[in-house]
Amino acid sequence: MPKRVLQGVVVSDKQDKTIVVKVERRFTHPLLKKTVRRTKNYHAHDENNVAKVGDVVQIEETRPLSRLKCWALVQEGTPAEGTQG
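When we follow the numbering used here, the leftmost residue of the sequence shown carries the number 1, and every step to the right adds one.
Treat the hints as calculated values from the structure; they're not laboratory data. If you're wondering where the values come from, they're calculated on a predicted model, not measured in any experiment. Careful: at least some of the hints might be erroneous.
[Said to hold, decoys possible] Capping the alpha-carbon separation at 20 Å, the derived lysine to aspartate or glutamate pairs in EDC-like fashion look like this:
| id | residue 1 | residue 2 |
| --- | --- | --- |
| 1 | K3 | D16 |
| 2 | K17 | E60 |
| 3 | K22 | E60 |
| 4 | K17 | E81 |
| 5 | K40 | E61 |
| 6 | K17 | E47 |
| 7 | K3 | E47 |
| 8 | K40 | E24 |
| 9 | K40 | D13 |
| 10 | K3 | E24 |
| 11 | K14 | E47 |
| 12 | K3 | E60 |
| 13 | K22 | E76 |
[Claimed, not checked] Here are the in silico distance ranges between beta carbons for each label pair:
| id | residue 1 | residue 2 | range |
| --- | --- | --- | --- |
| 14 | E24 | L68 | 16 to 22 Å |
| 15 | P2 | E81 | 27 to 33 Å |
| 16 | R26 | P2 | 28 to 34 Å |
Note that CB positions come from ideal geometry on N, CA and C, so glycine has one too.
Use the sequences and the hints to build the structure in full.
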């Protein structure tokens, strides 16, 4: 079974070997037919602490690593547009 891969922006890197990634999904509202944005935060494992706040990264589903972490950093990204870095 393929593992899910999500792309999002790092919003916190304060924990050791853990990052918090905000993932945004867009969908059309079934009744109003408007595009709706929903965001969700995922805790992901970052073994070498390479990701920084504002980076766009990809995370992959993995086995549970702790109470909150069941995602792992796949690809460290580039700083998001409009951020200093």
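Verification of the hints:
no.	hint	in the structure
1	K3 / D16	24 Å, violated
2	K17 / E60	15 Å, holds
3	K22 / E60	14 Å, holds
4	K17 / E81	25 Å, violated
5	K40 / E61	15 Å, holds
6	K17 / E47	5 Å, holds
7	K3 / E47	19 Å, holds
8	K40 / E24	7 Å, holds
9	K40 / D13	16 Å, holds
10	K3 / E24	18 Å, holds
11	K14 / E47	13 Å, holds
12	K3 / E60	7 Å, holds
13	K22 / E76	14 Å, holds
14	E24 / L68: 16 to 22 Å	20 Å, holds
15	P2 / E81: 27 to 33 Å	29 Å, holds
16	R26 / P2: 28 to 34 Å	22 Å, violated
The structure fails to meet hints 1, 4 and 16 from the earlier list, while all remaining hints are met.
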